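S.K.: The chain contents come next:
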Amino acid sequence: MAIVNLAVNNPLPMQVVPPDWPGGYWWHWLFFTVVIIAFMLIMVMGAIYIERRGMGRMQSRLGPNRTGPFGLLQPVADAVKVLLKENIVPTSADKVIHWLAPVIAFAPVLMIFAVLPFQNGALLADLNIGILYVVAISSIATVGVFMAGWGSGNKYSLLGAMRNVAAVVSYEIPMVLSIIGVVLMAGSLSMNQIVVKQDIPFILLQPLGFFLFFIAACAEINRSPFDLMEADSELVAGFHTEYSGMKFAMFYLVEYAEAIAMSAIITTLFLSGWRGPWLPPWLWFILKTFVVFFVMVWTRTTLPRVRIDQLMALAWKFLFPLALINLFITAIQVLVWPDALPWILIIINIAVMAILIVLWSKFFKLGWGRIEV
Amino acid sequence: MTTTGELTLKTEPFVLNIGPMHPSTHGVYRMRVTLDGEVVIDIEPIFGYLHRGIEKLAEERTYTGFIPLTDRLDYMSAMSNNLGYCLAVEKLAGIKVPERAEYLRVIIAELQRIANHCIAVGAMLNDAGAYFTPFLYLFREREKIYDLFEMLCGQRLTYNYMRIGGVSQDIPEEFLPALEKFNKKLHNVINEYEFFLKQNEVLLARAKGVGILPKETAINCGISGPVARASGIKWDLRKNDPYSIYDRFEFDIPTCETGDCYDRYRVRIEEMSQSLRIIEQAMKQVPDGPVKADVPHLIRPPAGDAYAHIEAPKGELGYYIVSDNSIAPYRCHVRPTSLINLTALREMVKGWKVADLIIIFGSIDITMGEVDR
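Chains A and B, in that order, give the protein sequences.
Position 221 of the first sequence, counting from 1, maps to 221 under my numbering, and the rest follow consecutively.
Position 337 of the second sequence, counting from 1, maps to 337 under my numbering, and the rest follow consecutively.
No lab work stands behind these hints, which were simulated from the structure alone.
Bear in mind that the values here come from a model prediction, so they are computed numbers and not experimental data.
No incorrect hints appear here.
Derived lysine to aspartate or glutamate pairs resembling EDC-like cross-links, with alpha carbons at most 20 Å apart:
| hint | chain 1 | residue 1 | chain 2 | residue 2 |
| --- | --- | --- | --- | --- |
| 1 | A | Lys365 | B | Glu257 |
| 2 | A | Lys155 | B | Glu12 |
| 3 | B | Lys284 | B | Asp170 |
| 4 | A | Lys317 | B | Glu201 |
| 5 | B | Lys184 | B | Glu270 |
Input sequences plus hints: build the corresponding full structure.
M.R.: The following block contains the structure:
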């Protein structure tokens, strides 16, 4: 069975994709850099449109529909509005850090797209450690968020930033552990190879992994119900309370770019990336990304927010043990039973997921969290 | 203190100002919160930002002329405020209200209760972080109630509909059929809310066992309304001291035992069904006849004083009026439900997190217009 190969059986070339552009490396890099920036900005606009209109429909209202046909130009209107706003820096702010924070938060999100394959081999750099690179880079955005919280000189911002750091540090672990399940199945760390190996989407072979990764990803990029760092009903706007004008727009952009990047990673790891019948591969990639993003919007409109201690408890008491068990089961399946028929594995894994989730949720009780003062 | 005692790192509590400009203070309420990290150690409520001197203004107006100002007290349930004031003046002047007007008053007061609880539940869930979805779904029903009120008096928020000795004008022909249609729909809608919210995992985690108000504290603080009933106090003025014609209807007083945020939410949803029951009974019995007793615009009640209280949506709403046989009250005092219900807030939030502070505050359901007057 091709899908469950071990890495040792399938050694990969240790270099990036050889340049097949006239002019070599540099044209390839220039082309993909431009493509990635344009792609990300357009995807963010699409994401904003989907979020605002989709949320409108789900909340029994219309959503923005005055700008252009069906309100399609709403993201443009938002961008223009925010560009014209005054840029206010609070007097108590640490000016340098306050200024630098949006930049530091924005850059790593852009860098994630470097290893995401738009179609077979079409990516900036096919790193053989692709997914490791993604995990490493995506954490850097937290530094920017914490700088924003600290540099604003505002207590709301600081609380939001501290919450974010705590959440990201905790949720990295179940996230990485659930990625390892995929890596074991694919036998490679390269994003392109992972897609190539997905004759059957890994969401079926790794349902628990997908579930854990999705939750951890939502917490990592602060989508609801884990949007504690900007918790509008508690912390006003969290870490970007004191930001205005274009600097606020940068954070706004980061928020959606992170959501899109995470959707794209989920697409690549679990939904067989660019693969699919009839349509061109890049279109499949974009469609799947938007579907994942839509599910994020859906959860945002559906669920209330959890509390910070519940968030941490979920990471350490629920996701972390389940991710370990998932890794263990996957390892056994890959090692002991490499030639199993996929449909047997699908049934086993889905059953295991259902049983584990039901059993583990029994450990949670309600009404705790008070501290005697 | 458990949070800092075990750590070698020395930390100290800090003060956070929540409000008067904050998304979740339901107006211009301000809390000076002392926090130890995320844990609330102490809060100090500060209000008066919306003080308009309404009680003093009553002394400058005629008895009828004060009715529009009662709308501005608790603008989420303006009809109930009208009713409470009119009852007090009628008691003072010994005016008999016609039957038809009594029935209309009951129907309207119960509709107002449903509208108010829609806001209360929606706003509480919004404070819990459910990004506007339950809020807007509940608003949808409230809008329909406001459509009905608009039929009565042409206004949607501040009605000025009740008069001393009845109501200002008879209902239009299409009112009762429209009300019947609305009743049928509301049954389904309440079931819909129950389906989505009653067993919602995140809502349970956030609200169950959080912000418990013990029975004794509730009694000692003089708390009334749904907040008291959630703590297990079976106290409803419609049963305990029937005013108007409430003794003619059959309905239950929903109570809960624990007195946490979830119970307060449950009591409100149950009360909506009970109000519906009263409306259905009253609708069938509305007699023909005049809707206003023969009372002149300028009345001079005999010297003396009177206190009338009603079960407003938020609790016991009382009006104390002293007359010196002139055209204006000598003194008019309002027993504000919201302000007195707020007195237990400090006991309820101590030891919980910032996020709990917001949801506990939201579950009390206050209107700043009534707190500050």
